[in-house]
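Peer 1: In the order they appear, the protein sequences are chains A and B. Oh and the first sequence: position 209 is 209 in this note's numbering, straight run, nothing missing. Oh and the second sequence: position 185 is 185 in this note's numbering, straight run, nothing missing.
Just so you know, the hints here were simulated from the structure itself, not pulled from any lab data. Possibly wrong hints are sitting among the right ones.
What the hints assert, rightly or not - One-sided and incomplete, this derived list gives chain B residues near chain A with beta-carbon spacing under 10 Å:
#	residue
1	HIS128
2	ALA134
3	ALA135
4	ARG136
5	SER137
6	LEU138
7	GLY139
8	LEU140
9	SER141
10	ARG147
11	PRO152
Quick caveat: nothing in here was measured; it's all calculated off a predicted structure. All C-beta atoms, glycine included, are put in the ideal place defined by N, C-alpha and C.
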Amino acid sequence: MSFVELQDVSKSFGENQVLRHVTLTVEEHQVVCLIGASGSGKSTLLRCVNLLERVDEGRITVDGQHLTNGKIDVNALRKKIGIVFQAYNLFPHMTVLENVALAPRKARGVSAAEARARARELLNRIGLADKADDFPDRLSGGQQQRVAIARALAMEPKLMLLDEITSALDPQLVSEVLNLVRELANLGMTMIIATHEMSFAREVADKVCFLDAGVILEEGQPEQIFSAPSEPRTREFLARVIEAGRL
Amino acid sequence: MHTVLHTFASPHDFRVALPNVWAGFQVNLKMMVVAEALVLVLALAIAVVRGLPGRGAGPFRALAIVYTDVFRGTPLILVAFLVGFGVPALNIHFVSTRSNFTYGVTALTLVYTAYVTEVYRAGIESVHPSQRMAARSLGLSYLQALRYVVLPQAVRRVIPPLLNDFIGLQKDTALVVVIGVAEAVEQAQGYSQTYANFTSYVVAAVFFILLTIPLARFTDHLILLRERRERALAT
Numbered sequence: 001m002s003f004v005e006l007q008d009v010s011k012s013f014g015e016n017q018v019l020r021h022v023t024l025t026v027e028e029h030q031v032v033c034l035i036g037a038s039g040s041g042k043s044t045l046l047r048c049v050n051l052l053e054r055v056d057e058g059r060i061t062v063d064g065q066h067l068t069n070g071k072i073d074v075n076a077l078r079k080k081i082g083i084v085f086q087a088y089n090l091f092p093h094m095t096v097l098e099n100v101a102l103a104p105r106k107a108r109g110v111s112a113a114e115a116r117a118r119a120r121e122l123l124n125r126i127g128l129a130d131k132a133d134d135f136p137d138r139l140s141g142g143q144q145q146r147v148a149i150a151r152a153l154a155m156e157p158k159l160m161l162l163d164e165i166t167s168a169l170d171p172q173l174v175s176e177v178l179n180l181v182r183e184l185a186n187l188g189m190t191m192i193i194a195t196h197e198m199s200f201a202r203e204v205a206d207k208v209c210f211l212d213a214g215v216i217l218e219e220g221q222p223e224q225i226f227s228a229p230s231e232p233r234t235r236e237f238l239a240r241v242i243e244a245g246r247l
Numbered sequence: 001m002h003t004v005l006h007t008f009a010s011p012h013d014f015r016v017a018l019p020n021v022w023a024g025f026q027v028n029l030k031m032m033v034v035a036e037a038l039v040l041v042l043a044l045a046i047a048v049v050r051g052l053p054g055r056g057a058g059p060f061r062a063l064a065i066v067y068t069d070v071f072r073g074t075p076l077i078l079v080a081f082l083v084g085f086g087v088p089a090l091n092i093h094f095v096s097t098r099s100n101f102t103y104g105v106t107a108l109t110l111v112y113t114a115y116v117t118e119v120y121r122a123g124i125e126s127v128h129p130s131q132r133m134a135a136r137s138l139g140l141s142y143l144q145a146l147r148y149v150v151l152p153q154a155v156r157r158v159i160p161p162l163l164n165d166f167i168g169l170q171k172d173t174a175l176v177v178v179i180g181v182a183e184a185v186e187q188a189q190g191y192s193q194t195y196a197n198f199t200s201y202v203v204a205a206v207f208f209i210l211l212t213i214p215l216a217r218f219t220d221h222l223i224l225l226r227e228r229r230e231r232a233l234a235t
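Using the sequences provided together with the hints, build the complete structure.
Peer 2: Here it is, written out as structure tokens:
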């Protein structure tokens with residue numbers, strides 16, 4: 001059984017159907033990159049996987065658990081899945097250390113001392129130990145995003161969902177974040193990454209899915225998708241990306 | 001002109017009335033402190049209930065809405081009469097035999113809790129939904145997210161309106177004179193009726209002004225600090 005399975009998933013917001021009969025599998029330790037234009041459904045797909053959104057139709061299974069049968073313990077599920085957003089969403093009233101230590105303390109019941117120690121260790125590993133006692137507004141965008149990743153990792157998730165985490169960053173800050181993601185991939189973290197960073201996707205993904213208007217139009221190995229896409233719309237999309245100098 | 005000064009600002013009457021009015025004013029202070037402490041806690045609880053999700057919480061949310069509508073809509077003086085005269089008239093064991101001070105604090109608490117609930121609610125709603133989303137995504141429950149992420153931010157934001165309501169509460173402690181609480185206004189009234197001079201009321205007014213001015217200035221200062229901080233962050 002795959003680690004994440006979406007079967008025939010559909011989701012609408014009012015009149016707007018954002019996901020149409022999406023079927024996708026992600027194996028453990030696999031990195032799947034979702035590419036596609038804005039509004040193609042990438043974010044919604046990710047948010048259905050950790051139940052920030054409820055699907056209208058279809059089935060989702062994560063680590064053997066059915067998300068869609070209405071009996072799921074949402075909080076328990078979310079402790080296994082880490083998500084990082086485009087807007088980092090750090091808690092401004094807490095220091096960086098407190099941001100990272102909060103969930104292990106309150107959601108996992110770890111002692112305050114242990115939670116702080118582990119948070120410090122995580123921050124150390126990502127090179128932000130010296131920012132531990134600063135408030136988020138003193139950090140650059142790239143640093144804040146790395147803290148957001150550390151905050152998600154502090155819960156020791158089995159799956160990481162990354163929702164265009166570099167899209168809001170200044171170009172020179174993007175690589176520090178991508179380096180961290182690359183490291184996670186090398187360590188075997190199962191990840192679904194929605195991204196506009198095509199070169200990065202090409203490098204790090206085991207599988208690339210092109211989403212177009214709520215449908216996975218094409219999926220395959222990165223080399224195949226980026227060099228020799230079968231669908232015309234995929235070709236169109238990639239052509240525009242290359243033109244914009246992003247591949 | 002001399003008559004005006006003598007009637008409202010006679011130094012002799014000021015001195016003579018001062019000790020009694022001050023004794024009364026201490027009752028106002030006590031009422032204010034007790035009521036404010038109760039209001040801050042109760043209003044937060046009702047604001048949280050107001051925001052509880054799900055169908056099961058429907059009746060509680062409805063109750064909270066009714067409560068705030070009723071007590072924001074009813075003049076404090078009416079609530080004071082209903083509580084201060086009406087409740088004793090019911091002759092219920094214990095409840096009907098409390099002091100006027102207790103009834104006064106109850107009336108103030110009932111009314112100001114309703115106002116402050118709305119202040120808290122506005123604060124909670126002003127916290128961007130992405131904050132709750134991020135907290136829930138980490139596996140925190142609804143109440144944990146509220147307690148550790150949303151409320152700390154919400155409360156900080158509404159400190160100026162909270163302080164403004166507090167200033168209103170301070171002054172409204174004078175209203176409970178109508179149910180016979182022996183506070184500053186009542187003392188001033190007593191002096192004035194005995195000596196046919198209104199300076200005692202001015203004494204009471206001075207006490208209230210001396211109490212509210214520092215708080216009003218402090219509130220303005222906090223608002224200014226926040227505006228400066230937000231301007232700095234926006235650049």
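Peer 1: Which constraints among the numbered hints does this structure fail? Numbers only, ascending.
Peer 2: Of the numbered hints, all hold.
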